[in-house]
Amino acid sequence: MALHVTHELHKRRFSRNLGLGLVLAGMVVLVFALTVVKVKRGDDMQGYDHTLRPELLPAEEGGAATPAAASEAGQ
Amino acid sequence: MSDIGAFDRGTAAPQDAGFGDYVQLLKPRVMSLVVFTALVGLLVAPVQLHPVEAFAAILFIALGGGASGALNMWWDSDIDAVMNRTKGRPIPSGRIERGEALALGLALSGISVVMLALATNIAAGALLAFTIFFYAVVYSVWLKRSTPQNIVIGGAAGAFPPMIGWVAATGHVSLEAVLMFALIFMWTPPHFWALALFMKEDYHKAGVPMLTVTHGRKSTRTHILVYTLLLAPVAIGAALTQIGGPLTLAVALALNAWFVIGAFRIRARSEDQAIADSYAIEKAFFRFSLVYLFLHFAAFLAEAALRPYGLGGW
Numbered sequence: 634m635a636l637h638v639t640h641e642l643h644k645r646r647f648s649r650n651l652g653l654g655l656v657l658a659g660m661v662v663l664v665f666a667l668t669v670v671k672v673k674r675g676d677d678m679q680g681y682d683h684t685l686r687p688e689l690l691p692a693e694e695g696g697a698a699t700p701a702a703a704s705e706a707g708q
Numbered sequence: 125m126s127d128i129g130a131f132d133r134g135t136a137a138p139q140d141a142g143f144g145d146y147v148q149l150l151k152p153r154v155m156s157l158v159v160f161t162a163l164v165g166l167l168v169a170p171v172q173l174h175p176v177e178a179f180a181a182i183l184f185i186a187l188g189g190g191a192s193g194a195l196n197m198w199w200d201s202d203i204d205a206v207m208n209r210t211k212g213r214p215i216p217s218g219r220i221e222r223g224e225a226l227a228l229g230l231a232l233s234g235i236s237v238v239m240l241a242l243a244t245n246i247a248a249g250a251l252l253a254f255t256i257f258f259y260a261v262v263y264s265v266w267l268k269r270s271t272p273q274n275i276v277i278g279g280a281a282g283a284f285p286p287m288i289g290w291v292a293a294t295g296h297v298s299l300e301a302v303l304m305f306a307l308i309f310m311w312t313p314p315h316f317w318a319l320a321l322f323m324k325e326d327y328h329k330a331g332v333p334m335l336t337v338t339h340g341r342k343s344t345r346t347h348i349l350v351y352t353l354l355l356a357p358v359a360i361g362a363a364l365t366q367i368g369g370p371l372t373l374a375v376a377l378a379l380n381a382w383f384v385i386g387a388f389r390i391r392a393r394s395e396d397q398a399i400a401d402s403y404a405i406e407k408a409f410f411r412f413s414l415v416y417l418f419l420h421f422a423a424f425l426a427e428a429a430l431r432p433y434g435l436g437g438w
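If you read the protein sequences in the order shown, they are chains A and B.
Last residue of the first sequence? That's 708 in my numbering, and every number before it is there in order.
Last residue of the second sequence? That's 438 in my numbering, and every number before it is there in order.
The reader is advised that the hints may include incorrect statements.
Stated by the list, open to error - Here are the simulated DSSO-like pairs of lysine-lysine, each with C-alpha atoms no more than 30 Å apart in a straight line:
{"no.": "1", "chain 1": "B", "residue 1": "Lys342", "chain 2": "B", "residue 2": "Lys324"}
{"no.": "2", "chain 1": "B", "residue 1": "Lys211", "chain 2": "B", "residue 2": "Lys407"}
{"no.": "3", "chain 1": "A", "residue 1": "Lys644", "chain 2": "B", "residue 2": "Lys151"}
{"no.": "4", "chain 1": "B", "residue 1": "Lys342", "chain 2": "B", "residue 2": "Lys407"}
{"no.": "5", "chain 1": "B", "residue 1": "Lys342", "chain 2": "B", "residue 2": "Lys329"}
{"no.": "6", "chain 1": "B", "residue 1": "Lys211", "chain 2": "A", "residue 2": "Lys644"}
Bear in mind the hints are in silico, worked out from the structure with no lab data behind them.
Only chain A is shown next, with the shape it has when bound in the complex (with noise of 0.2 Å):
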């Protein structure tokens, strides 16, 4: 008699587990797939890493901050 009998609840589960874990797998292959997608595209993504944002700046009086200005007052 073999010391290991596999019982129905068994197959059960591990078809339970068996899915959930493929499941899983195509879950981060799905996002890592969509973040692949985005960051190709690079749309509604700014490249300022440790620098100045332009667009945080208040507007000067009499007129917007501009590109330059921000460029200017972040060096």
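Assemble the complex: chain A is given as a structure, and chain B must be docked to it using the hints.
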């Protein structure tokens, strides 16, 4: 879907359901309709998404539909246990506990809404959230057991997927999206009332106030005809918009003529005649209603597919 949890109830606790039981909780057959109509809504839109984004959008719309299915099964487990059509579902058959269905439904609702918003846009995510709320709360909790118009208003939940697909692609609602919504919305009552005519014992036993139970069968037949007559101009109107074309118009005219004739035949029958041939006309009308919806959306898709070759559209 396998029914592997149906036997050996004595040794297997409810929490030991198989993966297939959880899939069944998401109503895969309803999900297939959601996937198809959402896909059409997304593909016929004038803005094209990246294939990965489009895949993610359809997946999360389907997941949202599945979540609302799980919430519906959680709420309706008592009446599901009474009806022949639904007593084999995972909760009434003891394979999954009610609390599990609620947890799964809520978790998948959150995941699908947030992920759809991130993958496409916030408007699509918000519309999906509203759809889940509408199906789970407005239809399942509020309307289903309180009014014979449950099918009419609840049908809106099933009508949203093509609109969500459209909004996922374009970011806004437009006439075409509204007409695709209206097509499914107006189609739902005759489709379900035809089913209710020949599945009468189920709804009666469960105490669900279907029109057949509250207003009688003659009135239901009249209602089927009225809604079918109201559906025809919506379908033909959709064929005249940007997503339609000569092919769609021809398909719409043929399908609606057939559907209206079927509705008149149902209206003209007495209950004795229907019993005599085991509801043959009603069953044929119900089966045709599935073909009707599929072919309408397939025609929209065909127009979009032919457009690059200068063939589809007006």
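**Report entry** Restraint status (C-alpha distance of Lys342/B to Lys407/B at most 30 Å)
**Finding:** holds, 16 Å
Query - Proposed proximity, Lys151/B with Lys644/A (alpha carbon, max 30 Å) - result: The given pair, whose Cα atoms are some 23 Å apart, holds under the 30 Å limit.
Query raised in the report: Quick one, are Lys211/B and Lys407/B close enough, alpha carbons at most 30 Å?
Result: holds, 22 Å
Report task. Measure nothing beyond the straight line between the CA atoms of Lys211/B and Lys644/A; if it is 30 Å or shorter, mark the hint as holding. Result -> Holds: Lys211/B and Lys644/A sit about 24 Å apart, inside 30 Å.
Query raised in the report: Holds or violated: Lys342/B with Lys324/B, Cα cutoff 30 Å?
Result: holds, 13 Å
Report task. For the pair we were handed, Lys342/B and Lys329/B, check the Cα-Cα distance against 30 Å. Result -> holds, 20 Å
No hint from the list above goes unmet by this structure.
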